[in-house]
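Position chain B against the provided structure of chain A, taking the given hints into account.
Here the protein sequences come in this chain order: A and B. Using the numbering used here, you'd call the opening residue of the first sequence number 54 and step up by one each time. Using the numbering used here, you'd call the opening residue of the second sequence number 888 and step up by one each time.
Just so you know, these hints were derived from the structure itself, not from any lab. It is possible that part of the hints are untrue.
Here are the computed distance ranges between Cβ atoms for each label pair [claimed, not checked]:
id: 1; chain 1: B; residue 1: 1126; chain 2: A; residue 2: 62; range: 22 to 28 Å
id: 2; chain 1: B; residue 1: 907; chain 2: A; residue 2: 62; range: 26 to 32 Å
id: 3; chain 1: A; residue 1: 62; chain 2: B; residue 2: 952; range: 48 to 54 Å
id: 4; chain 1: A; residue 1: 178; chain 2: B; residue 2: 903; range: 50 to 56 Å
id: 5; chain 1: A; residue 1: 178; chain 2: B; residue 2: 1093; range: 35 to 41 Å
id: 6; chain 1: A; residue 1: 62; chain 2: B; residue 2: 1087; range: 45 to 51 Å
id: 7; chain 1: A; residue 1: 180; chain 2: B; residue 2: 1126; range: 51 to 57 Å
id: 8; chain 1: A; residue 1: 152; chain 2: B; residue 2: 962; range: 43 to 49 Å
Backbone N, C-alpha and C define an ideal beta-carbon position, used for all residues, glycine too.
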Amino acid sequence: MRRLPFWVNIGLLLIIFRLFYLQVIKGEELFRLSKTNAIRIFPIKASRGRIFDRNGEILVDNRLTYELAVFPQSIDDSDEVLKKISLILNIPFKDLKSSFLKNKRGILAVSLVKNLDKEKAIIIEELKDELKGVVIQNLPQRFYPYKKLASHILGYLSSIDWWRLSKWQDYGYTMDDTVGYCGIEERYDYYLKGKDGGMQWEVDNCLRLRNFLGVKLAQPGKDIKLTIDLRIQKIVEEVLKDWQGAVVMLQPYSGEVVALASYPDFSPEDFLNRSASLEKVFFDPSSPLINRAINVYPVGSVFKLVVAVAGLENKVIDLNTHVYCEGSLKIGKREFGCWNKHGSENIIAALRDSCDVFFYRLGLLLGPYKLADYALKFGLGKSTQIDLPEEKEGYVPHPLKRKTKKMRDWFDGDTANFAVGQGELLVSPLQAARLVSVFANGGRLIRPYLVQAIDGKDISAKQIKSESLAIKTEILEIVKKGMEEAVRSSQGTAHILYMPQLSVAGKTGTAQVAGKQSHAWFAGFFPVDKPRYSICVFLEHAGSSINACQVARIIIERMQKEGLL
Amino acid sequence: MKTHLKIFLISLLISIWGVFTIYSTRYPFNLSGQMPFFLRQIIWIIVSLFVLWLVYNWDVRKLWDLAYLIYIITLALLLMVAILGHIRLGAQRWLKILWLNFQPSELAKLSTIIILARYFSSRSIWDIKTKNFNFVKGVIFPLLLISPFIILILAQPDLGTALILIFIYISMLYLSKIKKSYILILIIIFLCSLPFAWHFLRDYQKERLLVFLKPGMDPLGAGYTVTQSKIAIGSGRLLGKGWLAGTQSQLRFLPESHTDFIFSSFAEEWGLLGSLALLGLYYLLINYFLWISQRSDESFLRLLAGGIVFLFSIQIFIYLAMNLGMAPVVGIPLIFFSYGGSSIFISFICLGIMMNIQRRIS
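So here's chain B without its partners, still in its complex pose:
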C-alpha cells in the first residue's frame, strides 16, 4: 500500500473513532434542539475530506508564494477575534463565520510553520553556517515575525496554543540547522523569563498550574478536573467499561469531556487495550510523517513537513500528558480525535500537505 494512502486511512480511522467517542460522551442527549456534537463533527470531517482532496491534488510548493498572504490573513483573523470575538467559556477564541465557529488560533499554528519554513528555506545552508545568518537574523527576526501571533493568542487568553507556537518556533530553528548554541541561549532566555511571565497570567491560569503541582490542594475546585480525568482513565482498567458505558463523562462529572478531556472518556470506555491501540495509530502516523519529512529533498518542503511532525507530536504528547495528570490543563485539541471543527479542518489540511509531499517524493 502506498504511504500516502496509509496515513490517510490511519487519520480517517482515528477521526471515526473520535466521532464514536464524542457520541458516547454526550450520550444521553440534551434535547435542547441543538445539533448533537457528533453530527457536527461528522459534517466537519466531510468538509475537511473535501479540502484534503483539493490540497492533495494541488502543488504545496505554491505555499511558498502564498506564505505572506496566509500570514496576513491569519493576523487579520486573530485581530478580528480580539475585537469582536465571541465570548465563550470565558475566553475569546472563536470567530463566528456564517453558522460555524472558527478558531483562528488553530490556523495560526499552520501559518507559523509555513511562514518560518519559507523564511528559513529562503536562506541557503551556506548562509546559515556563516556569520551572514547570525543570531539576529537567525533567531530574533523569525521570533519578531511570529510574535504578533503569540501576543494575540496570549491575549485571548489561550496559554496552551501560545506555548505550542513557541515550541514550533524552536523546532523550526532546530530543523533549519542553525547553530545549536543559539537554540540553547534561546531556551535559557525563555526559562529565565518564566518567573516574569507568571505575573501576566490570569488567576485561573495560575490556579491551574498550581493545582497541577499539587492536585490534592482543592479536590472539588480547580483540581476537580484533573482528579476526575484520572478517575475516568483509571476506572477503565484493562478492558474498559465499554462504549456508551462510561459514567464519568456521561454523568458529566468530567467537564469538557468532548474536547479537552476526550481521551479520558475514551480510556474509560475502552480501557488500557483501547488506549494502547489508539496510541499505536498515532505512533504509526508520526512515524510515517517523519519518514516523509526526512525523505523530501526540497528545503521548503522538508521544513514544512518537519514542522507538521513536531506540531502533531507535541500536541498529542501534551494533550495525553494533560489528560493523564502529568501536565497542567491547557486548552488544546487531540488531533483528529477531539471535538472541534477548526482543529479537524487544519489537521486534515496538514495531512493533505503531507500526502502531497509524499506524492512528490515518489
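In isolation and in its complexed conformation, chain A is listed as follows:
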C-alpha cells in the first residue's frame, strides 16, 4: 500500500476530528437533545375565569372551540401540508403561510385557524394521516351571552403586545398569551388567566403518539364577581342607546358600582374572531372603545356643589347671604352672563336655579386657591382608584400651575369661570358620581369599586375604605337642600325629575364646549331621605342639561317599574 497524497489525509483528519468533537466532546449534550427531540408538548389551554354580576348572573362565560394547529417541524419547503389545509378549509394559502411564519416559535404547535367549525374539525381529524403534523386542539374561548353589554367594564381579549409583555414578563407571561385589554379583563388578568397545562408524548414525525410521558393539568382562571347589577346595567344601557355619553351608578355608602355604561359601545366578540367589523370599531369617529364614564370632560355647574361647600365652610357666606342676579356680572372688562335673571337669591336658591352670578361672586370671594383646594378635597383631579385600568385623572386648574407650566397669568375672570365649572376643570362622570355621594352619605369620600369577590372570596373588606371629609352636617344639609330644591321646586333646573313617589336630589350641569354643542350633566342621588344610589348622567355634546335629567328620569322610572327600588 502506498502513502496517500496529503489532501486525502487532511480531508480524513478533518472528518475524524469533527466526528470526535461531535460524538465525544459534545456527545452527552447532543444525546440529551436527541431525547427531547422526540417529545411533543400538546398544550391544554386553561379556561379563563368567568365574570358574574352581584347576583351571580353570568356576564362572561367560556365555551369550547376548535383550533387547527401545526407542528413547525413538519412543515418543509414544499408547504404541502399548508396547501392541503388551504384546499380543505378554503382559506387562501398565502394567509396560512404568513400566519404560520408569523406565529412560528419554538417547538410548540403553531395555531393557524381558530374557531373552526365542528364539521371541518372532524374532516381534518379524519385526514390526519395525510396532513402531517396537523392537530386539532380544543380551545376554551370567551363567550359573551349578552353581546355588547357592559363591554367597557369587561374589556376585551387580544394577543399580548410588546408593552404589556415587557411589563408582565416577570409574572410568567409569554409572547403567545392572550391577555385582557381594558376593563376587568386587563386589571384582573393575573387572576382570570389561569395556568395552561400540557401533555407530553413521544411522537414520530406524523405525530403518531408513541409513549405517554406525562400530563400537567390546566388550572382554570379564577372567577370574578362584580358589584354590577345586571338588571340595572341593562336598563342603563338601553336608555343610553340614544345618546353619546356615560352613566355611572354607585351605592353612596359602600362605593360599589352598580352600573357603569358608556355609549357608543363595542362587541368584545369581534376581537376574538378578529372580524372585519373590528376595523370599523377602531376607525369609528365616535371612538366606541373609549370608556366615557372614566374619561374626563368639562363638568359645568355640577362643580357649584363644591364651591357652595367651600363658601359655607370658610364662612364667606351663610344662609342669609343674598346676591342679586341681574343676568350678568362685569368682571374686569368682560361681561360674565347668567343664563337667566334670577333676582335676589341665597345659596339654596342659587343651587336650585344654578345661578351663575351668585357663584361668580362666591368664587371671587373665595379666590382660586380655595376653589382648587376644595376641588382636590372632593377627589377631582386625581384617580378614584376604581379597578379600571384606563381611568383618567382629570384636571384641576390652579394659578401656580398656570404660571409655572404655561407661563400665563391668572385673572379674576378665570376664577369666575372656575367657580361655575367652566374653563380648564376636567372631571369624569365617575368622579362626579362620587362627588354627589358625599352629600348622600354624610360627608364621606368613597372609593368606587367593581369587584366584589375573586374565586368566591369576598374582597370588599379589603377594598380601600372611604374617608371622611370632615364637613359639618349643617353645611351638608344646606347643600343637600339646594339639590333637593332643584328637583322639587318648579323653578328648579332638574324639575323634570320630580316624581311624587320618589324624592331625587341632584345638580345639573351644562358645560360649554368651544365650537360645539354643550355637554349635558346630571349628578344626584335617590331616595333623598335614605339614599340608595348615586347617579351621574353625562351626555356628550347633547345641548341642554334637560336631556341628561330626562335620561336619569327614564332610568329611575324603569328601575321602579322593575321593582329595583
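Frame of chain A; chain B shown alone:
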C-alpha cells in the same frame, strides 16, 4: 488477495452496510403499499453487480471510441429531464424509465470524466507542454465541452452535482499535467465569479448557504436539518445507540435520512467506532483506487482512473462534511451507501472500470 477482488469486497461491504442502515432509517415502515426502500436498494445492487460483471469482462479502452456517443446520450437524457422531468422534492432531477426513476445527473459525472479523459489523452504530453496546447485549447475548450452538462444540471436545480462537475473538470486539468498557472487563473476566475453566481441561486439555496454560515439563525427552519444532523451524529457517542435504535431518523426528525443524511443516521446508531470503521473502508478504497490510477501507463486509462478517484474522494468528503455540519447542504449521494439507484448503478460501473484497469495492469 488480488487488488481488484479487494476493492470489490470493500465496495460490497459498504453497500450491504448501507442497506442495513436504510432498513433502519425507515424502520417502523409506513404500510402504504410502497416497496420498502431497502428492498429497492437491494434490487439496484443486484442489477448493478450484473453490470459490474459485464464491465469487468469488457475492455474499458473501448470507452475511448464510445466517449462522444456517451456524451450525446447524457446530453439527451439531461434535456429530457429538463423537458419532461418528473417533479419530485421540488426539483426536476428524475427521469422515469419504465418503473424506475433514473437521475441523469449521476451519469453526467461519469460522462464528464470519460469525455475529458478522451479529450486530454488525445493530446500528447508534447502538445501540452508546448504552446500548441495553450489556454484556449487546454482550458476553455474542455470547459465549453462540459458546460451544457453544468448548465442543464444547474437548471434542475442541482447545485451540488454542478459543483462536483466543476471539481472534476479542475482535477482533470490537474491530471492532464497542464501548466499550473492555467489552473490558478481558472480558480481565480471561478472565485471572482462567485458573487455574481449568487444572484442566480434560488431562494432556498441562498438560505441553505446562509444557514450553513450561521445555523443558529433559524433553529427550526432551514437550520433545522443541519442541527438535527449534528444531534443525530453526536447522540451516537462512542458506541452508538445500536442498529434499529436511532430515534432521530426513525422518528423522522432528520429529513432525508435515507439519502442526504444517511451518514448521520448511521453515526447515531453505530457511534464513533462504527463511523471510524466506515471511514476506514472508504480510506482503503480510495487508497487502492489511487494506486491503480498511478500504476496504469496508458494516458486515457490513467486519466479515467484519476478522474474516478477524484470523483469518489470529493463526493465522500463533501457528503461527510455536509452531514457533520461543516459544509452547506447540497443534494449529493454517499457512494455505495446512501439510497438511490442511479448513484449505486454509476458507482458500481466506476468500480467495474477500476477493476478492469487493474486487470489490465496485472
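Item to check | Numbers of the earlier hints that this structure fails to satisfy, in rising order | outcome: Of the numbered hints, 3, 4, 6, 7 do not hold.
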